[in-house]
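Engineer: Now for the letters of each chain:
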Amino acid sequence: MKSPHPGQVPEVPPTAPARVDDGRALDPLPGDDRWQLVVTAGPPSRRRVMESWLCVADGRIGTRGSLEEDGLGTVPMVLAAGAYGPDQRLVPLSSWVSVDLAGTLEPGRRVLDLRDGTLWREVPVDGGRRALRSARFASLARPGIEVLAVEGPAVTPVTDGGTSGPSTEVVTTPLRLGGGVLELRRTEVRHPADGPCSLHRIAVYRVGTSRRPSRRSAETALEAAWRAGPRALLCEQRRVWRERWEAGDVEITGDGELTRAVRFALFQLVAAAADGGEAAVGPRGLTGPAYAGHVMWDADVFVLPFLAATHTPAARAMLEYRIRRLPPARRAARAAGHEGARFPWESAADGTDVTPSFGVDETGREVPILSGPLEEHITADVAWAAWRLATWTGDWRFLDGPGRPLLVDTARYWASRVRLDGDGRGHIDAVIGPDEYHEDVDDNAFTNNLAAWNLRRAAELVRRTPRRGEGEEPCHWLEVADALVTGYDDETSLYQQFAGFDRLEPVMAASLGRVPFAGDLVLGRSRTARSQLLKQADVLMLHHMVPEAVAPGSLAPNLDHYLPRTCHGSSLSPSIHAAVLARAGRTEDARRMLELATRIDLDDLTGTTASGLHLANSGGIWQAIVHGFAGLGASGPDDAELRLDPHLPADWGELRIRLRWHQRRLALRCTPSSVHVATDRPVVVRVWDRSTLVEPPGRWLP
Amino acid sequence: MNRPVPDPVSGHHPVEPPPPGAEAEGPARPGAESAAQLLVIGLGPEPGPWEGVVTALSEALGLEPAREAGPAPPGDPELVERVLERAAAVPGPVLILPPARPAEGEPRTARTLERVLAPFDSEEVSEALRPVLDRLQEAGVQVAQLLVMTADTLPPMWDGVGHHAAAWHAELRRRHQVGEASVEVTAGVPATTVVARAGDADLVVLCWGRPARAGGARTLRAVLAAIDVPLLLVPVA
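Taken in sequence, the protein lines are chains A and S. According to the working numbering, the first sequence holds residues 374 to 1075 in order. According to the working numbering, the second sequence holds residues 89 to 325 in order.
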């Protein structure tokens, strides 16, 4: 969407011309370390990790960064969002980047340009006298259109001179629920007498989750793209990516490496979610097959906030995925003897719970997985995501309309799920919190407090715009919310993670090793469950998600209490802890956590990056910067002002953040002592507890 | 699988990484074996029960066995050190034949080479073992690769059983599995685990970085002192 006041928000630095030269091959943008991930040949075992890094995606189709010739030991893969097979796992599709190349080639030098979502490759051949070059991208301007150009001596000519093609291939892949994926791939090879061979390919993917996609529609899209040609498509690509960066860039001046790592994370978030229809965003996005593309709380709590603040249609599409799966969620609640809607811990095509009942542990031994029946906070997480979108748009229409059941039905679930004891106190028994080291616990602080938050927000919504049939429900919800045990102790200002947690063995992470480490593997699962060692701290996650709903002043004491017990064995942990540490003003510790978070995939700290990038961590990185270091707070659609409370490491220059809030395009420049707010519409900003009306184009505060 | 030397908690390396410059070999000894030879060091009286293993291994690797007696008598407290010193002086793999210890059950006689145990703890080790294990499999030998997880080999982050573990195992196999070898992961003290599992094998193949520093290669030393099946030492490339 174009700004009504163009030019009032500074452009994303550095800018580069969104044009392509008239040469035959596509031309990359000028080199810039802050915007490019440059990968050269590494050990063969790292090639799969690099494939995940170098994935290009447009929210609908993701293509891992495998080599055109599918080198040894690689996992080439194309994935389509929501394209689940009969087993409710994402179906690997045929690869549109495969090309027969002559001879055995090295991977060469590859550059993923975050500015425009392009992947470039250059391989010396003939002893370095010539080179093979390729470029590819997934069109963000035309999602589902993929573009490949290869030029060089290794391109196998189909004919001796002249042009072959264009030839078109058609591939269809059936899906669950009667759907399918249709791929049309058109290739042309040119072999001029006076130049190297070149290959151009444009592929179009069309996905129908419940019915076969239209062949005619795909053919029309392919014809249009082919007529436009790779260079025009690249121009479009640059324009659209530029818009996305103008809406959501983050820069830490003075730290180019951290800036690049953060942008790499944001790049993955942009590429992971479509901005129309429904967006099923799995924990690894479209970068790899791990987690089967199942939708988990990673999507609602970690990924969605970035999109809600930078590209609302994508966040809306993610919630549409949940809205369309309300019927099975209601059936799940009824099956459990409750009311409302109970969302599954993992869901795929049809919205039923697809969490595996058994898995393997580190030794390959089969062990039960209890998250499906017990990790119930997902239901409140979905409500939180719906509220979050409204909070950032400042617009109740979604919650008054299609998003309303995401709050109301979830509140009904909690109201019926809570057990009231003889003293009138409410309990939620037998759950698992985000800290999965402790299973089947009662009154988990995260679950209870988020359920109470869910009940209160639903009551607020219903009272604001009452509907027939909702009657006295809001009163009941508020009573249940007030009755719920919070785990908070006024004397200590501590939340107990769950009932009985304080009686467990007080194992401190530092006694076992340097964080991060896999605490359950080091200590053993059984002993870990009997100890206070945490994979990630539920109470701190609670402070992160609903800071307005926890006891005032409780962040610092709970940080002091839970951080020493946390080994950060979860990839979700470092970013969120960076956020709460920064909010608490512990900027050096926060910076260390942020830097750790940015290395999770770049250093393959889980040993599974080869199967895809950790998308929730990417979202957590953005939240750490925006909510932690910038201290940006927002609690609901009716917020009258945007709150900022920056806490920056001393050696950061400026923290620059672009986002949208309440229909305003904002560019923030945070320093330790002041904040510059650029805006395209008047906005009230509260910085360090002082409110100021900022008129366009902006000003420094205080 | 890929941790860059974290704080150790309790584990040991099956293989001690070589110090910088350790690739340089010591001076050649008189009669030192060529790269085409397999040095076979017998620690017990000849002939032992391992002739079948020696013959099959030599044929599988295409190396000529060059036999010599142990550099110290059995029971000598310096035996392990002397064996490692000797092994460090040759360019290729070294086969160590332990004394034939009386077994509780059926005595081990004329063992053949059917099953091999190959512990690993890093990609460097797996790559060093790969050519040997390839050849053994080509000769029809069953190979079992074993990772004994310790604090040093654990991934720093472990999102849990299920999807994460499945992805981790898949990638572990892609990085380390040699041919059709089975890949087993277990937890424990590497030396103890390897010695315990050796009873199911006819040969244990261990990678090592030579020369072993004083106090280094603790797992190798412990295995060498306790094992009662032949042990093939393969130097890190």
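Simulated from the structure, these hints should not be mistaken for laboratory data. Incorrect hints may appear among the rest.
[What the hints assert, rightly or not] Label-pair distances were calculated between CB atoms; the ranges are:
no. : chain 1 : residue 1 : chain 2 : residue 2 : range
1   : S       : Gly140    : A       : Met881    : 34 to 42 Å
2   : S       : Thr280    : A       : Met881    : 21 to 29 Å
3   : A       : Val544    : S       : Thr280    : 39 to 47 Å
[Claimed, not checked] If the Cβ cut is set under 8 Å, some of the chain A residues that face chain S in the computed set are:
no. : residue
4   : Gly627
5   : Ala663
6   : Gly732
7   : Glu735
Backbone N, C-alpha and C define an ideal beta-carbon position, used for all residues, glycine too.
Engineer: Please write out, lowest number first, the hints stated earlier that are contradicted by the structure.
Structural biologist: Of the numbered hints given earlier, those the structure breaks are 1, 3, 4, listed in rising order.
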